[in-house]
Every structure is written in C-alpha cells, then in structure tokens.
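Q: First to last, the protein sequences are chains A and B.
By the working numbering, the letter at position 87 of the first sequence is numbered 87, and the numbering carries on one by one without gaps.
Position in the second sequence counted from 1, then plus 1000, gives you the working numbering.
Treat the hints loosely; a few may be bogus.
[Unchecked claim] Which stretches of chain B does chain A cover? Using the computed rule of at least three CB atoms under 8 Å from a CB of chain A, they are:
1) 1010-1023
2) 1036-1048
3) 1094-1101
[As the list claims (entries may be wrong)] Computed cross-link-like contacts, DMTMM-like style, restricted to lysine to aspartate or glutamate with a CA-CA straight-line distance of at most 25 Å:
4) K1091/B to E1031/B
5) K95/A to E13/A
6) K1038/B to E20/A
7) K95/A to E85/A
8) K1084/B to E13/A
9) K94/A to E1031/B
10) K94/A to D1087/B
11) K95/A to E1031/B
12) K125/A to D58/A
13) K4/A to E1098/B
14) K1038/B to E13/A
15) K1081/B to E13/A
16) K1091/B to E1057/B
17) K1084/B to D1064/B
18) K1038/B to E14/A
19) K1091/B to E14/A
20) K1084/B to E14/A
21) K1091/B to D6/A
22) K95/A to E20/A
23) K1091/B to E1056/B
No lab work stands behind these hints: they were computed from the structure.
Backbone N, C-alpha and C fix where the C-beta goes; we use that ideal spot for every residue, glycine too.
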Amino acid sequence: MNLKVDEAQARMEEIQRIMERATLFTLLPGTPAILGGLMVLAGCAVSYGMFRSLDFGDIVNVSVNQQVLFCLMWLAIGVVGIVMEVAWTTAAAKKQQLGPSDRPLRVAAFSLTPSVFVAVVLTAKFLLPVDARVWQMISTLKIVPLMPTAQEIQYIVPVWMMLYGTGVYTAGLFSIRPPRVLGLTFIAMGAIALLCVPQYGVLTAALSFGLLHIVFGVYILRHQRRVAR
Amino acid sequence: MNEPLKPDDIDAVIHERVRLSIVSALAVSPELSFNELKSMLGLTDGNLSAHSRTLEEAGYIVVDKTFQGRRPLTTMRLTAKGRKAFDRYLKSLRQIIERGTGEKG
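Please build the complete structure, drawing on both the sequences and the hints.
A: See the structure below:
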C-alpha cells in the first residue's frame, strides 16, 4: 500500500483529534460533581432555613448580617466546587501524562470560562445594581441604599443555570454525549426557571446544581469504574 | 514531493478510516460502549457494527455483550495484538512523514 506524505500527516492529525476526544471523557470529574451537588443541596437547605421560603428574592427581607452570610456561603460553595473540579481533573490528566497546557484540558477550560465570566458579571450587576440610583446619589449628594430588588435577585439562579449549561454543552462538543445532555438540561431548566418560576430559585438550584450534578457524577463514576475493572 | 512512498508495513485493517477512528479511541480508553463510540465518532449503528466486526475478526478488539439492568450493553476494548498493530501503524506514518520532510529539506 502506497501512502503519500500529505495523507500520512492528515491521518496523524485525525488520530490525535480522536484520541483527545476520547481522553476528555476519562477526564470528566465524577466525584467533584457529586460533592459539589451535595454542597449545593446543603446551601439550598440553609437558604430555605434563612428565608423560610423557596425564593432567593426574599433575601431583601432579612438582616444585613444574614445577607452577607448568605453571599459568603454561596461564594464559598462556588469557589470550593471549582477548586475541587480543577484539582480532580488535573490529577486525572496527570495520570494520563497530560499537562495543564495540553489540548483536552485547554478545551475544557476555554469552553467553560467565557460563560462563567458572563454569569459572574451578570450576578455582580444583579447584586449591585449600578443604575439611576447612583446618579440620584451623585445629584442629591445623599446616600441611597443600593439593595437590589427581589426580582433582580430572582434572575441570578436561572442565568447561572443557562450560562453554566452553555459552557458544559460547548465542552461536550469535543467529547461524548453525557456532558452535552447535562448542558442542554441545564439550559432547558434555566429557561423554564427564568420564564415560569423565577420565584422558586431555591428549588430550581437544588434540582439543577444539586440533584442533576449528583446524578451526572454517579453516572460518570459508574462508567469509569466499569471501564477500570 | 507528494510521490507515493513504498509500502511501510501499512496495515490495511487499521488503515481504513472508520476502523482507524475506532482503534484510536480505544487506544486511550480501556473500554468504550457501542453508543459512546457511535456518538464520539459520529457513526451509524450499521457502520460501527460492520467495522468493529472486521477488527474483532482480525483479533484487534474484543467485543463484550452484557446487560445493564434489562438493557443490552455492548462494549469494546483493544487487545494486545490490536495495540501492537496500532503502534506499528503509527510508526509507519511517522517514517513516511519523516522521509517526506527529509526529501523536502
């Protein structure tokens, strides 16, 4: 069989692409998804205990101290969740002799980062609504409370659901189906939450970031364990 | 410079594009299910079945048919013979590329 140099090079590139795609699947973090999901469920339970309601918008009715505690708790859950995912994925990649700059890890990072960044910006905007009230403060030289409205707070969970789903779906385009399904489910649930039930943020966060992550994590772990046998 | 080169131990079983994709994916995964491979490589049921059979007949992969609950589960993994053939194929490609690059230089 005769083979031209160009064809050999094309074959090598194709092999590399497929191997990267297959590698991405084995890097999917199952354990951090479960632990992250459990943390979110705990966070939702604490939030419900604080507000006695399923509406994150009710944060406007609690004391400033409780508001600060609430924000710190969710910030901690987010940071710990991200750190766990990065640590687990990096360790799994190391086992496969992949460095942080290798393509599979870069694909995962670059797919998620833009949408998470947009979600952070929107959250900041919803929590600190720099709007007409700022101009009112400047023009009257009087301090005006910048507390967001309950409605602005209600948008935060659905926005995170949809943008996180977009990032996961994009990362899944370079891998196999489960991450794509997870991403699309998040997007669909986020859209429903935003359009139909924004006042049930505690429940939709528990179902998506909590329960859905746990189900996904269990599926991935079961698969990876079966493969490792 | 694009002259066809002489045979370099190119394995016809692996060289076919779909079979090469299957073997490449299995080379970095200890085991993959039929559906995972189908989704990952964008193949149809018939296409994947036919090519996996050829690879199985050549002794390059093992196809296991089990049940997950009540649903049938087909998984595939690379055999030692398959890995050896894949490594040999990669070596041949590298030789062709190196030789071509040398001629250009």
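Q: For every hint, state whether the structure bears it out.
A: Quick rundown of the hints versus the structure:
no.: 1; hint: 1010-1023; verdict: holds (count 6)
no.: 2; hint: 1036-1048; verdict: holds (count 4)
no.: 3; hint: 1094-1101; verdict: holds (count 6)
no.: 4; hint: K1091/B to E1031/B; verdict: 23 Å, holds
no.: 5; hint: K95/A to E13/A; verdict: 23 Å, holds
no.: 6; hint: K1038/B to E20/A; verdict: 16 Å, holds
no.: 7; hint: K95/A to E85/A; verdict: 15 Å, holds
no.: 8; hint: K1084/B to E13/A; verdict: 20 Å, holds
no.: 9; hint: K94/A to E1031/B; verdict: 19 Å, holds
no.: 10; hint: K94/A to D1087/B; verdict: 22 Å, holds
no.: 11; hint: K95/A to E1031/B; verdict: 17 Å, holds
no.: 12; hint: K125/A to D58/A; verdict: 18 Å, holds
no.: 13; hint: K4/A to E1098/B; verdict: 12 Å, holds
no.: 14; hint: K1038/B to E13/A; verdict: 20 Å, holds
no.: 15; hint: K1081/B to E13/A; verdict: 23 Å, holds
no.: 16; hint: K1091/B to E1057/B; verdict: 23 Å, holds
no.: 17; hint: K1084/B to D1064/B; verdict: 21 Å, holds
no.: 18; hint: K1038/B to E14/A; verdict: 16 Å, holds
no.: 19; hint: K1091/B to E14/A; verdict: 15 Å, holds
no.: 20; hint: K1084/B to E14/A; verdict: 19 Å, holds
no.: 21; hint: K1091/B to D6/A; verdict: 16 Å, holds
no.: 22; hint: K95/A to E20/A; verdict: 15 Å, holds
no.: 23; hint: K1091/B to E1056/B; verdict: 22 Å, holds
In this structure, every one of the numbered hints holds.
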